[in-house]
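Peer 1: Residues per chain are reported as follows:
2 protein chains.
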Amino acid sequence: MTDHATFLATLTGIVGDSYLIGPGGDFEPYVVDWRGRYHGSALAVVKPGSTQEVSAVVKACVAAGIAIVPQGGNTGMCGAATPLGDRDMIVLRLDRLNKIRSVSRLGDSIAVDAGCILADIQKAADDIDRLFPLSLGAEGSCQIGGNLSTNAGGTAVLRYGTTRELCLGLEVVMPNGEILDGMTALRKDSTSFDTKQLFIGAEGTLGIITGAVLKLFPKPRARAVAFVKLNSIDAVLDLLAQARTDLGDRLGAFEVMSRGQIDVIAENLPLVTIPFELDTPWYVLIELVDTLLSVDLNEAMETMLGNAYERELIADALVASSETQAATFWKIRHSVSEGSKAAGYVISHDSAVPLSQQATFVKQVEKRIAEYRPDARIVMHGHIGDGNIHVLAIIPGFKQDQKNEIAETILAINTIVDEETAALGGSISAEHGIGIANRERLGRVANPVELKLLRSVKAMLDPNDIMNPGKVLPAQ
Amino acid sequence: MTDHATFLATLTGIVGDSYLIGPGGDFEPYVVDWRGRYHGSALAVVKPGSTQEVSAVVKACVAAGIAIVPQGGNTGMCGAATPLGDRDMIVLRLDRLNKIRSVSRLGDSIAVDAGCILADIQKAADDIDRLFPLSLGAEGSCQIGGNLSTNAGGTAVLRYGTTRELCLGLEVVMPNGEILDGMTALRKDSTSFDTKQLFIGAEGTLGIITGAVLKLFPKPRARAVAFVKLNSIDAVLDLLAQARTDLGDRLGAFEVMSRGQIDVIAENLPLVTIPFELDTPWYVLIELVDTLLSVDLNEAMETMLGNAYERELIADALVASSETQAATFWKIRHSVSEGSKAAGYVISHDSAVPLSQQATFVKQVEKRIAEYRPDARIVMHGHIGDGNIHVLAIIPGFKQDQKNEIAETILAINTIVDEETAALGGSISAEHGIGIANRERLGRVANPVELKLLRSVKAMLDPNDIMNPGKVLPAQ
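The listed protein sequences correspond, in order, to chains Y and L. Position one of the first sequence corresponds to residue 1 (the UniProt record's numbering), numbered consecutively onward. Position one of the second sequence corresponds to residue 1 (the UniProt record's numbering), numbered consecutively onward.
Excised from the complex, chain Y in its bound form (with noise of 0.2 Å):
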């Protein structure tokens, strides 16, 4: 061990002055997670400019016996980059590792630092006429690092799955300092295993992820946008099946609201327009996208629609007959959080269950929340085309701040949901990822033999429990 002045020395020395925040320095944005949940503490908040750094200053934390929490672009759900517990830590910070390297049209990838900002890979890739697809409400400010340490879900997963899908490289730093250099555009490899599987999705706890190839897609130049009204999720669950027959690929957006989902935007955003009577329980959005100008969208999407309503499939849609409406219909979408809030204290959720056990979820879940707490407003909307539909219970007449006021109400119901997803073959976290939130549920659900066998990786990587300790794992 070595003291504290020595050790930040060390790095200071690493990474230059300034951009060591040593004892003294302002380190509100870095200890606290976006969501104001967690708030920690840290020896020093440090921002190496190459992974050679990143390499040096690990290696530095482990002679030391300092922990690491590797942050993005701190926007995560979950608190897996915010530094909590009595080790001494620092808090590892990626945003100088925010180029471009490469980007290659013929080649469909794109290899970047792990500190870009989505919406710039985003942009880089349009610059060629490419599709990154990933898509969230934080692309403005989250990192590509941490995409990838959430394995990050959003909206575009249907059609081009999630962040995990999405990667052909990447290059880690060790929990022992060891750079391990997979920056690769390969397309097929049949070499054993694929080791940057195990870093994806471990929120830094098994190494720091410090560039990354990633899949670019053709540009979509047409789209068509509809909304549907349907009786029963098990029909909104049918038609899925049906569009994705009918449609294939061109399948860009299945997004379900239950009707009081919606209701609690119309009730607190004004502003926003409901283009149509809320007049039955379940509600999809639908959106088509194609490579090809020449494929009449809205017909096809018209004709899948027909037949559906023959069938009595659907009660009723609307397909977009600009792109305001379209834009229209979006903003309903993009309202849910919002509107929600202003309803009451949200209990939410991020289940995921295979698509045919999503109907027997949805019914369980609402039926037991509804029993247990009567007042309860129970509202779903979410990806259903992925098996993800994120519950809601709104306590009414509780605001966002009065957590501890409904402490017992939180734990039963998100025992029930958590008892549900399991029960059914489901994930607790379809993808926001587990970090300090979600640790103990996760032991609660957890298969113990792949319980077992992630202990015995992280046992394995970091033997001396350097890489963002108290994560992910559930404590013994």
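Possibly wrong hints are sitting among the right ones.
Copies of the same chain are indistinguishable here, so a pair counts whether it falls within one copy or spans any two.
Said to hold, decoys possible - Computed cross-link-like contacts, DSBU-like style, restricted to lysine-lysine with a CA-CA straight-line distance of at most 30 Å:
id, residue 1, residue 2
1, K452, K229
2, K59, K452
3, K452, K99
4, K403, K59
5, K399, K219
6, K452, K123
No wet-lab data here; the hints were simulated from the structure.
Fit chain L to the known structure of chain Y by using the hints.
Peer 2: Okay, now just chain L, sitting in the frame of chain Y:
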């Protein structure tokens, strides 16, 4: 350590008399790989009838210190399923785990035993109007567990991904006999890293895959096929980028052949029709697919090719006017192996390089082999859309059984291909795996940090080296 008789009695107790072939039995089909290159021996061949029996067999082997070679359809290209070396070992066949467990049109997924024949899975998907896209030469006898263990490629990777990307869930018997039950059809899961990835591509060295949940896709209903003539490999790649831009995921196949490759077919297989002059150095077979019958794919193909012709990217093109003509085009592609073998001893390769490096790779390899062995016919074909081009050096005057007589040439040419592959950030095994055939080559080209990681995971999961010893990892 147990004596062999007691050990075999234990195994018989687990699987029953009928499913153990012991000393004196006919081992031949199980101890020789299908190419006939590797001949091994085993104490016994055992055919468990359930995941639980697989687990019990593994535990018995651990207790007795006997190694296990898992074997599916025994159609592998690299000897991974052949019992080799001087350890006592058994062959564990998965044949009896051959049930389709469930299939869901709604969930777009199928849950299968590892011993299911690939063609049976394709058929079960087809029965519910869905596609399981994995397709390769051995599909009538290979088993899905083997496809997953080698991360098999095939002709549909461009459109649907490798076997790894087709897998949603996995059931694995670990090297200690524990069952890791990950048989879920989840599309999204952000709970730490994805443990199933440790077993996909590991060729049975880290456990035995006993079941899998696989993705299904909407069935294409329309297709168009064209044969295109081009003057350079650069033009081939430029055309690929153009086709992706214009046609998006309609691009179902983009298969390249060099003129020499078609020459050997024309010379040796007179029944294969070549319906055009061989007057350019490169040829591409393009297939477009779509779920929508209303899209005119021939028109889309012609428009794209017309633009390419105007840009002087292509020399000529023939769009198939009937299914018969489309089949004629594909017949040429499917005749590459037979045609090549008739022309001499074939030294073949399975390299992939990033698409942006493909032209350099092709030119360098051709130049260096020609310098080394001027009489070699260097021909090429492959899934160039995946970056996977098979380079064949055909040595005239030698037959397939004269391996030993040109051993020096084989080594020299392998070395050239490996060096160029590694220098361009490629993989020496795009789709065939490592097994025993390529493990020393892997040792020469592997990233040392990655190789150390592979070894660490192996040592952690299988400390007694019970699972398929001597495969994949180079000797130390």
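Peer 1: Which holds for K399 with K219 at a C-alpha limit of 30 Å: within a copy, between copies, both or neither?
Peer 2: Cα proximity of K399 and K219: none, with 42 Å in one copy and 49 Å across.
Peer 1: Treating 30 Å as the Cα threshold, decide for K452 and K123: within, between, both or neither.
Peer 2: neither (41 Å within a copy, 37 Å between copies)
Peer 1: Within, between, both or neither: how does the pair K403, K59 come out at a Cα-Cα threshold of 30 Å?
Peer 2: neither (40 Å within a copy, 49 Å between copies)
Peer 1: With identical chains, the pair K59 and K452 could be close in the same copy or across copies; at 30 Å between alpha carbons, which is it: within, between, both, or neither?
Peer 2: both (27 Å within a copy, 18 Å between copies)
Peer 1: Between K452 and K99, at a C-alpha cutoff of 30 Å, which is it: within one copy, between copies, both, or neither?
Peer 2: Answer is between; shortest inter-copy Cα gap is 29 Å, intra-copy 38 Å.
Peer 1: My question is about K452 and K229: at a cut-off of 30 Å on alpha-carbon distance, are they close within one copy, between copies, both, or neither?
Peer 2: Result: close neither inside a copy nor across copies, 45 Å intra and 56 Å inter.
Against the hints set out earlier in the document, violations occur for numbers 1, 4, 5 and 6.
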